[in-house]
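Colleague: With the hints as constraints, model all of the structure from the sequences given.
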Amino acid sequence: MHIPDGYLSPQTSGLLYIISAPLWWLSLRRIRSSFNRRHLPLLALLAAFSFLVMMFNVPLPGGTTGHAVGGVLIAVLVGPWPAMVAVTLALAIQALFFGDGGLLSLGANSFNLAFVMPMTGYLVFRAISGGSPPSSRRFATAAALGGYAGMNIAALLVAVELGIQPILHHLPDGTPLYCPYNLKVAVTAMMIPHLTVGGAAEAIVTGAVIAFLGRYHPELFMVRGRGANNRGNPEVGP
Amino acid sequence: MRYGKGWAALLIMALLSPLGILAVGGAWGEWDLDTLADRVGFKPEGMSKMERTGPEPPLPDYEVPGLADGGMRSVIGTIISAIIGAGLTATTVLIAGRLLGWSSRTDS
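Here the protein sequences line up with chains V and W, keeping their order.
Position one of the first sequence corresponds to residue 1 (the numbering used here), numbered consecutively onward.
Position one of the second sequence corresponds to residue 1001 (the numbering used here), numbered consecutively onward.
Check before you lean on any hint, since a few could be wrong.
As the list claims (entries may be wrong) - Footprint (simulated), chain V over chain W, 3 or more residues, beta carbon under 8 Å: (1) 1057-1070; (2) 1087-1100.
What the hints assert, rightly or not - Sample of chain W residues facing chain V (criterion: CB under 10 Å; computed from the structure): (3) Y1003; (4) K1005; (5) M1013; (6) A1014; (7) L1016; (8) L1022; (9) F1042; (10) G1046; (11) M1047; (12) M1050; (13) G1054; (14) T1078; (15) A1082.
Just so you know, these hints were derived from the structure itself, not from any lab.
Glycine residues also receive a C-beta, built at the ideal position from the N, C-alpha and C atoms.
Modeller: Pasting the structure below:
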């Protein structure tokens, strides 16, 4: 889901930078106001985790590959706004140093994978987990379902961004200038693999790590600051 | 070191990262221009102009140039890439945190 440069038109790439900019600003503001500074090393650790988990490609139905992102996991642990910063920086390093995802499309990739995926996954997690404690099965299951949902909503968004390119930008004879696949093809090609294996990969990573941490390191779940905490946990860090 | 066990877990992930390149085929919609042209039969004009903007990445496709033989050397190159990438990502978060004055904030 790391869109390379060239698949999105300059206009689409620019628009998604413009949309991402205030979200980056909000995420930085949000963590400065409510994220305990002592947890900066934890955020660094989680960003590095996201970078690494994205290297584990799994075969998807249809002959392509995909990987978990870890964004929902980070959001469950430290909140969706710090997750946005962590995943954005992982994506930036991937684009700059490893050629994975474009630089012009970094705004789009950040919007899809660093904002929409953690945020929607987190909201699903919150709705399902209710007030359950981090050590409970319900909490881990909610995290897994959040991972599944976040992955698939992001995949759909990527498919739409790619699939509208032939509609927006084409030669007079209809030849696409950028991504040549239409909406129907893009949505089918993205959603069948992600509704099955891709979403499952994210669900397993999210659910398994949260289940492990909830059982053995429940103190980590005290990290999230005010506004992201409705479970009656104390607000202070360890 | 804080979160020592977490960093140890990441090191294990980095050592296992070559498993991730075993999966055959690339991600959908991430092909380079030539591969895409093979699939659809033409090179979209706008794409040809936009491809490869910005500096060349030093470690393309998570491989170390010179260690990309598709075999044992690639395994080592991938592990090196994983460690460098994870290290850079973590360092960037820490630096960003300090630059933004985030670390000077007192606990509330």
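Colleague: Next step is simple, just say for each hint if it's right about the structure.
Modeller: Each hint, compared with the structure:
For the stretch 1057-1070 of chain W, the stated coverage by chain V holds: 6 residues have a C-beta nearer than 8 Å to a C-beta of that chain, and at least 3 were required. With 11 residues bearing a CB less than 8 Å from a CB of chain V, the stretch 1087-1100 of chain W meets the requirement of three and the coverage assertion stands. At about 5 Å, the closest approach between the beta carbon of W/Y1003 and any beta carbon in chain V falls short of 10 Å, and the interface hint on this residue holds. Hint status for W/K1005: holds, given a least beta-carbon distance of 8 Å to chain V, under 10 Å.
This hint holds: W/M1013 has a C-beta 4 Å from the nearest C-beta of chain V, less than the 10 Å allowed. Contact between W/A1014 and chain V, as hinted, is supported at the beta carbon level, the nearest pair being about 6 Å apart and thus within 10 Å. For W/L1016, the interface hint holds, since its Cβ comes within 10 Å of a Cβ in chain V; the closest pair sits about 8 Å apart. Annotation: W/L1022 was flagged as interfacial toward chain V, and the flag holds, the nearest CB pair being 8 Å apart, inside 10 Å.
The criterion of a C-beta within 10 Å of any C-beta in chain V is met by W/F1042, whose closest approach is roughly 7 Å, and the hint holds. At its closest, the beta carbon of W/G1046 sits 3 Å from a beta carbon of chain V; the interface hint therefore holds under the 10 Å criterion. Taken as an interface hint, W/M1047 checks out: its beta carbon lies about 4 Å from the nearest beta carbon of chain V, inside 10 Å. Annotation: interface hint on W/M1050 holds; nearest CB of chain V at approximately 4 Å, less than 10 Å.
Below 10 Å, beta-carbon pairs count as interface contacts, and W/G1054 has one with chain V at about 4 Å; its hint therefore holds. Below 10 Å, beta-carbon pairs count as interface contacts, and W/T1078 has one with chain V at about 8 Å; its hint therefore holds. A hinted interface residue such as W/A1082 counts as satisfied when its beta carbon comes closer than 10 Å to some beta carbon of chain V; here the least separation is about 6 Å, so the hint holds.
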